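2 protein chains.
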Amino acid sequence: MVSLLTIDFYQRKGWKRLVTLVEIAKKLNLNVSTVSRALSRPDMVAEATRERILETVASYEYRPNSIARSLRKGKTCTLGLIVSDIQNPFYAAIVKAVEGIASGHGYSTVVCNADENPQKETEALHLLSEMKVAGIIHGSTGANLHILQSLSRQGFPIVDIDRVSGLTDADTVLVDNQAGARLAAEHLLELGHTRLAVITGPQHLTTGRDRLDGFRLALSAAKIALPDALVHIGDFREGSGYEATVRLLGLSSPPTALFVANNEMAAGALTALRERSVLIPDALSLISFDDVRWAKYLEPALTVIAQPTEQLGTLAAELLFERLSGRKEVVRRVLQPTLITRGSSTPPREIAVADA
Amino acid sequence: MVSLLTIDFYQRKGWKRLVTLVEIAKKLNLNVSTVSRALSRPDMVAEATRERILETVASYEYRPNSIARSLRKGKTCTLGLIVSDIQNPFYAAIVKAVEGIASGHGYSTVVCNADENPQKETEALHLLSEMKVAGIIHGSTGANLHILQSLSRQGFPIVDIDRVSGLTDADTVLVDNQAGARLAAEHLLELGHTRLAVITGPQHLTTGRDRLDGFRLALSAAKIALPDALVHIGDFREGSGYEATVRLLGLSSPPTALFVANNEMAAGALTALRERSVLIPDALSLISFDDVRWAKYLEPALTVIAQPTEQLGTLAAELLFERLSGRKEVVRRVLQPTLITRGSSTPPREIAVADA
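Chains as they are written, first to last, in the numbering used here: chain Y, 1 to 356; chain X, 1 to 356.
These aren't lab readings, by the way, just hints derived from the structure by calculation.
Computed from a predicted model, the values in this text were never measured in an experiment.
Think of the CB as a built atom: it goes at the ideal place given N, C-alpha and C, for glycine as much as any other residue.
One or more of the hints may lead you astray.
[What the hints assert, rightly or not] Cβ-to-Cβ under 10 angstroms is the rule here; a few derived chain Y residues that face chain X:
#	residue
1	ALA225
2	ALA267
3	VAL292
4	THR346
[Unchecked claim] In silico DSS-like cross-links for lysine-lysine, where the CA-CA straight-line distance does not exceed 25 angstroms:
#	chain 1	residue 1	chain 2	residue 2
5	X	LYS296	Y	LYS296
6	Y	LYS296	Y	LYS96
7	X	LYS26	Y	LYS96
8	X	LYS120	X	LYS96
9	X	LYS96	Y	LYS120
10	Y	LYS120	Y	LYS96
11	X	LYS296	X	LYS96
12	X	LYS120	Y	LYS96
Bound conformation, chain Y alone (with noise of 0.2 angstroms):
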């Protein structure tokens, strides 16, 4: 058993951990090799004797390092979540989905935060492979494919959530934000606006790309154009929300409705539009991606187009599950959003104005 020793020696705590198993052996007058494999094989060890090792290691507070043990079984039951940007509440409401799931099945979740930023990311994905967590639920920045292959090359399960990484070999949870987007803008245009603007996020993430591409396809098939003045892409942070609706304010000929493509961007565009006095919906209606709980708490509420953003987690953490239980072919999840119609979409005033 000196090679088993040795492992514990390396990989439980130093040699304070051997002294523990030693400091067991000898309380109980008992051989080390005993004791260690009472921790590691306790069918191999007499019940009796088994049972006074546990109660003595329990007096000891000894836990046997989960990590020391995976790095011979080589997982843990850990899963690692990389968000995008943990600010946004529509990540924090999937945290606490994935952590749902999970802690269900006894397994615990640590969360990276990769804060839109592709080198922490890098350093996320790196982290979690050396924690050999059992998988990755991944909302990508767009980078990082590379790392990724190399990944489930080893045989890390990856699920995509929300935006697609790239991987081939992934599993995927998404929301189907074309549809999203054409429904923000049907809804528009339904109410009779011509002059609609969008804010959309990085067209390197489908995510941006999709709500841009569903919003520019229902304005086409409903003949109105959309000038690329009135096109702007943001970084889904507030501060480009709250840039890209000054840009807007300052044309000739302002917009008359908004679809903003997530919360974040819509909070700064929100900024702007009251520090400039705007009044929402009279003289600009605004719709924004993300049902988060500020919006319906503003006056006038906003208009959403809202995602199962706690769908969105579970099925991610179950489908990773899924995968550790065996599943071999790919999955790919579309989920549908709803638009939900409050105060801060009208006619535009023009057309209120003309039916009053």
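Using the hints provided, position chain X relative to the given structure of chain Y.
Same frame as chain Y, but now just chain X:
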């Protein structure tokens, strides 16, 4: 070098890694131990040989396993951060601030969500201990003192953030919660309110206790009674704020002013007030702890006690790095919250009417 190889064997990615070392050695016609040494003690290998080895290693995408290394050194370049509720934007802001400092020191941050659940906190503490994080920043659920003491004895530096865990050798970064609650009460008293209610958090948490104490002290100093019916103990989550508000509104003589001790419960209070069409501030003045983003977007905007959230996170991380650099004495930093007066707090109606 056999023992070193043994470590590599067990601590890197199992047999595969050994095979990789052997492969590299074969390819370069070198001894395996030379390859191993070039990775672990490069100064002991001739430069030309080292260069050849490192080049080949790079071509294999071989990456030394920092957790395995850390098992020998006894620490990783990773901080563990336990937040008590990831959906609370207060903690999301703290995550971001901690990450900022950590990444400046070349450290990664992993986040665990205790979800206000002592059992999840237990799991998170064990997980971080097994990961051998360099240190732990900990927003306590108020439980697990026993485990914290054990981790501290094992040499994990621990910083309490926002809430006191009871661990005497932890550094602590807090907001002066009593002062914050006093500010809130004094503001409402100055407006002329005499029937004030409070919804606070669990009394086993310093935040819940101190925010009630501060409120009570200010009322007592002003010789204003605080009957039990106007004091509600929630759990810092949205639902409890909702329920407490419903009960307050059901009183034969409801309060004219309400102080809610965090933003999550304030969101619940708002829902209850909206559902029952209770006008803010006409029928009820509202003030909440935490200047979360949506507070200023409400109509009327919410009067709040703002916490220096970013500074809390930054300081906590800085204290942890000071510990890692050798500081021995225990440090406790208490930051001051501030009152931000907005539209949700006005004189009670009878006074406003009398003034007119």
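Exercise. Which numbered hints turn out to be false for this structure?
Worked result: Hints 1, 4, 7 contradicted; others consistent.
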